[in-house]
Amino acid sequence: MSVTTEPTDPELLERMVSGDREALAIIFRRHHGTVYRFSRQMLGSKEAAEDVTQDVFVALTKTAGRFNPSVASLSTYLYGIARNLVLQRYKRSRVRTEIALDAIGGDDESALAVSSDPTDQLARAQATRQLRQAILRLPVHYREVVVLCELNGLSYEDAAGIAGCPVGTVRSRLSRARQILIERCRTVLVTDKPEGREQRAKRWLIPTKNNC
Amino acid sequence: MADSHEEQLLTALLGGIAREDERLAAPHLEARVLAAAGTEEIPRRRPMAPYLVIAAALVSAVIVPVLYRTPSTPAGAPVNQDTAITEVAIPDKSAQPPVVEKTPVLSTAAPIVESPIEQSALAPSPMADSPVAQSPIAQSPIAQSPVTHSPDEFIPLMPITAQELTGSFQIVRVQMPRASLGVLRSALEQPNELVEADVLLGEDGMARGIRLAVSGSVSPWRSR
Numbered sequence: 180m181s182v183t184t185e186p187t188d189p190e191l192l193e194r195m196v197s198g199d200r201e202a203l204a205i206i207f208r209r210h211h212g213t214v215y216r217f218s219r220q221m222l223g224s225k226e227a228a229e230d231v232t233q234d235v236f237v238a239l240t241k242t243a244g245r246f247n248p249s250v251a252s253l254s255t256y257l258y259g260i261a262r263n264l265v266l267q268r269y270k271r272s273r274v275r276t277e278i279a280l281d282a283i284g285g286d287d288e289s290a291l292a293v294s295s296d297p298t299d300q301l302a303r304a305q306a307t308r309q310l311r312q313a314i315l316r317l318p319v320h321y322r323e324v325v326v327l328c329e330l331n332g333l334s335y336e337d338a339a340g341i342a343g344c345p346v347g348t349v350r351s352r353l354s355r356a357r358q359i360l361i362e363r364c365r366t367v368l369v370t371d372k373p374e375g376r377e378q379r380a381k382r383w384l385i386p387t388k389n390n391c
Numbered sequence: 007m008a009d010s011h012e013e014q015l016l017t018a019l020l021g022g023i024a025r026e027d028e029r030l031a032a033p034h035l036e037a038r039v040l041a042a043a044g045t046e047e048i049p050r051r052r053p054m055a056p057y058l059v060i061a062a063a064l065v066s067a068v069i070v071p072v073l074y075r076t077p078s079t080p081a082g083a084p085v086n087q088d089t090a091i092t093e094v095a096i097p098d099k100s101a102q103p104p105v106v107e108k109t110p111v112l113s114t115a116a117p118i119v120e121s122p123i124e125q126s127a128l129a130p131s132p133m134a135d136s137p138v139a140q141s142p143i144a145q146s147p148i149a150q151s152p153v154t155h156s157p158d159e160f161i162p163l164m165p166i167t168a169q170e171l172t173g174s175f176q177i178v179r180v181q182m183p184r185a186s187l188g189v190l191r192s193a194l195e196q197p198n199e200l201v202e203a204d205v206l207l208g209e210d211g212m213a214r215g216i217r218l219a220v221s222g223s224v225s226p227w228r229s230r
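Keeping their order, the protein sequence lines are chains A and B. Mapping of the first sequence onto our numbering: residues 180 to 391, in sequence order. Mapping of the second sequence onto our numbering: residues 7 to 230, in sequence order.
Among the clues, some could well be false.
Unchecked claim - Partner residues are not named here, just some residues of chain B that face chain A (Cβ under 10 Å, in silico):
| # | residue |
| --- | --- |
| 1 | D9 |
| 2 | T17 |
| 3 | V39 |
| 4 | V201 |
| 5 | M212 |
Said to hold, decoys possible - Pulled from the structure, derived: some chain A residues nowhere near chain B, Cβ distances all over 10 Å:
| # | residue |
| --- | --- |
| 6 | S197 |
| 7 | Q233 |
| 8 | P248 |
| 9 | T298 |
| 10 | E329 |
| 11 | G340 |
Claimed, not checked - Chain B side only, calculated, beta carbon under 10 Å to chain A, not exhaustive:
| # | residue |
| --- | --- |
| 12 | L19 |
| 13 | L20 |
| 14 | I23 |
Just so you know, the hints here were simulated from the structure itself, not pulled from any lab data. None of the values given here were measured: they were computed from a predicted structure. C-beta atoms are modelled at their ideal positions from N, C-alpha and C, and glycine is treated no differently.
Okay, chain A solo, but in the shape it has when bound:
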């Protein structure tokens, strides 16, 4: 019985530096989802996220020598590259991000699948959409901690390493970002309260001129 072990990221990086393109392909398959997800959540645009993802891995081929596995994992390193590229892009074309807001509607079908209550499903889908838009409207230093910690499940320590700030700053930014999100999504959140649910149910069940 033979045991095959997957090569570690540092091993793959060494191979990549020595010109092994297959190693780069393996690294890409392992980590592109993380990079793409982060870029898309930060920029709100599929095309921009694809560009950033491509640039991140091209940059990795040039800067692989700087990676120190004893300091951080490769995914953290890639997050750092992606963050820098996202910030560059954000500074260059803020308008583009604003335009992309409408394209970020979330996947309503998956939101609908969560609950069997049609009105609840619709309300949740609406809340999700509005929350996505609110995240994209956050100042970028708030947005990145929300994306890293809340949407990608990174620890405060990892997020601090990626954002280049102390852990306490990550905590305070995240707290402030959550407050902003609640303020901006209050109308949706209120209707999801138990008492609001009844009102919403009445509103949805009683036909009006608008929805007839």
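Mind docking chain B on chain A? Use the hints.
For chain B alone, kept in the frame of chain A given last:
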């Protein structure tokens, strides 16, 4: 102020978004990345912009005469050749390939060559055979006399190291008031008259030498 219910709901919604986005991926980018990584080249150093070369030449032509206003050696006084020789490294000319260039650019405090002529292309000295006499310094008009240089010779504007001598040089022709050519001991009858001078530029863009343009020579930019 956010209440706990709103906090919980926000957390739940954020968790829902995170779950939705878990499947976000772009595997089709793999080919693009591999292609881009394969075609990426190491960024090349930009060549020095021509205007920078000209600007450096002009600045040198203006500043250097001011520095030379205080003559260290009176005209006609003998120059201590030993002192001059110790200021520069003398390349071993015996190891150099034979002369290729038609017109040697004469040196003063240091041998200077015309682009793209390498230092090795310097013309052999018509002077004595002694090692000192064979050195560019000994051939220097300044080493012999500060005022007896030929019009074809470049007057050094700064000491040149042996390492710099191995590089190539460029010549830029500039116009400047005759009064600013103090280093050439130019006649000052018409100090405001514009004269043409050739500035010898090193690889770093710094002016290494200067000479009055040879009368009758055609300026490159005028000939166009």
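Item to check | Violations among the numbered hints, reported as their numbers in ascending order | outcome: Violated hints: 4, 5, 7, 10; rest satisfied.
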